[in-house]
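Quick note, the sequences are listed as chains Z and H, same order.
Here the first sequence stands for residues 1 to 425, numbered as in the working numbering.
Here the second sequence stands for residues 1 to 425, numbered as in the working numbering.
Among the hints, a few may not be true.
Stated by the list, open to error - Computed, partial: chain H to chain Z, Cβ under 10 Å: (1) W24; (2) L25; (3) T30; (4) L213.
As the list claims (entries may be wrong) - Only pairs whose alpha carbons sit at most 35 Å apart, straight line, appear in this in silico DSBU-like list of lysine-lysine: (5) H:K46 x Z:K2; (6) H:K46 x Z:K209; (7) Z:K2 x H:K157; (8) H:K46 x Z:K46; (9) H:K266 x H:K413; (10) Z:K266 x H:K266; (11) H:K409 x Z:K59; (12) H:K90 x H:K46; (13) Z:K2 x Z:K209; (14) Z:K46 x H:K59; (15) Z:K157 x H:K46; (16) Z:K46 x Z:K90; (17) H:K157 x Z:K46; (18) Z:K46 x H:K90; (19) Z:K366 x H:K409; (20) Z:K157 x H:K90; (21) H:K269 x Z:K366; (22) Z:K413 x Z:K366; (23) Z:K157 x H:K2; (24) H:K157 x Z:K157; (25) Z:K46 x H:K209; (26) H:K59 x Z:K59; (27) H:K409 x H:K269; (28) H:K366 x Z:K269; (29) H:K266 x Z:K366; (30) H:K266 x H:K421.
Hints in this document: simulated from the structure, not taken from any laboratory.
Note that beta-carbon positions come from the ideal geometry of N, C-alpha and C, so glycine has one too.
Protein chains: 2
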Amino acid sequence: MKARIITIGDEILIGQIVDTNSAWLAEQLTLIGLQVDQMATISDTKEAIHAQLDAHVGKVDLMIFTGGLGPTQDDITKPALEEWFGGGWKTDQRVLDRVQAHFEERGIQMPPINAEQADIPAVCEVLFNAHGSAPGMLFERSGTVVVSMPGVPFEMKSIFTDELLPRLNVRLIDETVAHRTVHTQGIGESSLMEIITDWEARLRNEGLKLAYLPSVGAVRLRISGSGAHQATILGRIDAYIADLLPLIDDYAFGYDGDQLEEVVGKLLKREGLTLSVAESCTGGYIAHLLTSVAGSSTFFKGSITAYANEVKTQQLGVRAQDILDHGAVSEVVAIQMAEGVKRSLHTDFAIATTGIAGPDGGTPEKPVGTVWIGVAGPSRSFALRYRMGTNRERNIRKSALQALQLLRKEILKEIGISFQKALIE
Amino acid sequence: MKARIITIGDEILIGQIVDTNSAWLAEQLTLIGLQVDQMATISDTKEAIHAQLDAHVGKVDLMIFTGGLGPTQDDITKPALEEWFGGGWKTDQRVLDRVQAHFEERGIQMPPINAEQADIPAVCEVLFNAHGSAPGMLFERSGTVVVSMPGVPFEMKSIFTDELLPRLNVRLIDETVAHRTVHTQGIGESSLMEIITDWEARLRNEGLKLAYLPSVGAVRLRISGSGAHQATILGRIDAYIADLLPLIDDYAFGYDGDQLEEVVGKLLKREGLTLSVAESCTGGYIAHLLTSVAGSSTFFKGSITAYANEVKTQQLGVRAQDILDHGAVSEVVAIQMAEGVKRSLHTDFAIATTGIAGPDGGTPEKPVGTVWIGVAGPSRSFALRYRMGTNRERNIRKSALQALQLLRKEILKEIGISFQKALIE
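Produce the entire structure from the sequences given, and follow the hints as far as they go.
Quick look at the structure:
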């Protein structure tokens, strides 16, 4: 089953916007077993759209167009499709109601140009857009399903998931594909591969697939399988995940859409615990990650970014003599920073970072990338040393994720839940 | 002059990677006056590469391939190009030396597979890669320049700028195109358009072009022109910018590659001034922006993220009664937060944010997006109120940029430099 993804938009051809829709769509199509053999970005013209239809209809199973569906005169995708497929126009009442309601909510008279958004080619099937006024459309010709969706990412994603996917399952997909993602932190792709090599071989023998998806400081493992029923496939995958978890106990932290900062936040919230942070090399990034999640004020009381040593001593109570004796990047300072912020901000747990983010400031004993992470909890405090590498931006991100992971484990130890049990819950 | 950008890579077709190279290349090509009429992403196969060459050589002026040039067996771009253009192979000594030196530096014996990176099609011109082992290649056939570059972004960008651009200027570009970007913050695209409408008309009458490039909380204005000599064009552009600055005095903060956090950092460093930050709704993001820039420890002493009210009172000295009387999101609290962190951390300047980032926590009087930004300097303190909108992520970014802009202006006022003079310096 072959698919093509075509993005329409001059703003992409002049480099004003990076196209992220295509990668998202490609991932979704790959997951349901379709093979994307080409992506293209074309100009906002009738000729360019017709050239794609002329070239590929009858040769691929699915063509997805995104973009070019707004109400302004620049957007000519809809008339171009009507002209190519023929059959004239119809008005879709559900779309018209949606557009009118949208303007009524905002107390604005609907401009006539927006009423036209409900006019659609008579031969197409409407893919309802719950989040915007431009509907998606589905055509069929010569064995090819042709789909057009707006380019606004959250509108496109919701139309794809709620409207298109069920129709593709009926039309194109013989078997169901299901998948589960396990998130790891603190281990590289190749080390992970070594640890799970036997498990991976058994998984593959069973006809399941594994993909390593690395990003800065984290690797996702995506396990997928196909069959007649989703529940059966997921059951098989989950049995393998149960065997996987003991192997990667030190690294796994969540599934599917989970983010480490959300996982930690939910855990703190559920247990009624509070957190504070003391940051040197991460410079506020841990606090930023935690507060990016709505509702973080229930567990996060605040943080102190102690870039200058005098802030470490005066605000966090780090002993000046210890900084002189051991340096600001040291075990004792990391521990005192964590304990200091925990005491000052009256929280149950605290984490602290002190390190050399780079590119300057390294020494032979403490090269760029050396980071101490401190954790303070109700029963104990400790710090661990890491070597993160030489890139400043990556060091900051890796150190922040590592600190959140150490915190997560310390909370679980404190409340007496094993890492695997926390993941299974 | 027409150009096509073709990305080679199965990892993009399965959605594992978002292609950012194409947007960067499209922007660069547009700037030198080439029109990108299509972009494509194709599979890592000889057939797919040959299909592109068959279809477009002789029809467009420039084809740029990126990707598929690594040393592993997956990468077949080079043999595919050699087969299509013919002419056999040659060894490029400069590339061979580069690859050998790379392995010697790391104390590793060069694997034979890497020596092959110096073998290139005999009919191509080498585009030297100063940052990696895979060279770029330039071919010409039937009036089309065909270029292949590695997909690693920083290698590709450096080959494009240092090796390809001078050759394109000779082969394809009749006139030089030059441009200057002016950065603004705190004004939307349409309001900006209204303010500068007359200036824009004069600019266009003079044959210069203007592009509005909006992002969250900021709009870049790119002015470009063409002619025989770069210095002459830039001189004309700069004369127009001199007329522009008084119109957008409240918003402009820099040129070309400038970032607001860097502009503020450089100003503080140059004047020997120090900064601290107190954050509530921005949750550490301002500190993160400032410390993303290497060398920030010379002016940034630290910050206090005061998410809980008790942190505002205990760490920042905000009066509890004022929080009761006016709410945490208020003018008095914003001012006391800025003054408090300035006093505690002993700095010359301080900024503070307190607001409702959303999605929850809004009231009729203080809806989601209400933000107070406080500034404290050597001579005075004040706070201003903003309405940022309803999206949490965007609110955080917009508030942070607005705080940095207010700070920048206050520093300039304090040291007696006009905003325009600061920009011209």
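Task: Structure versus earlier hints - violations, ascending order - done: 10, 11, 18, 19, 20
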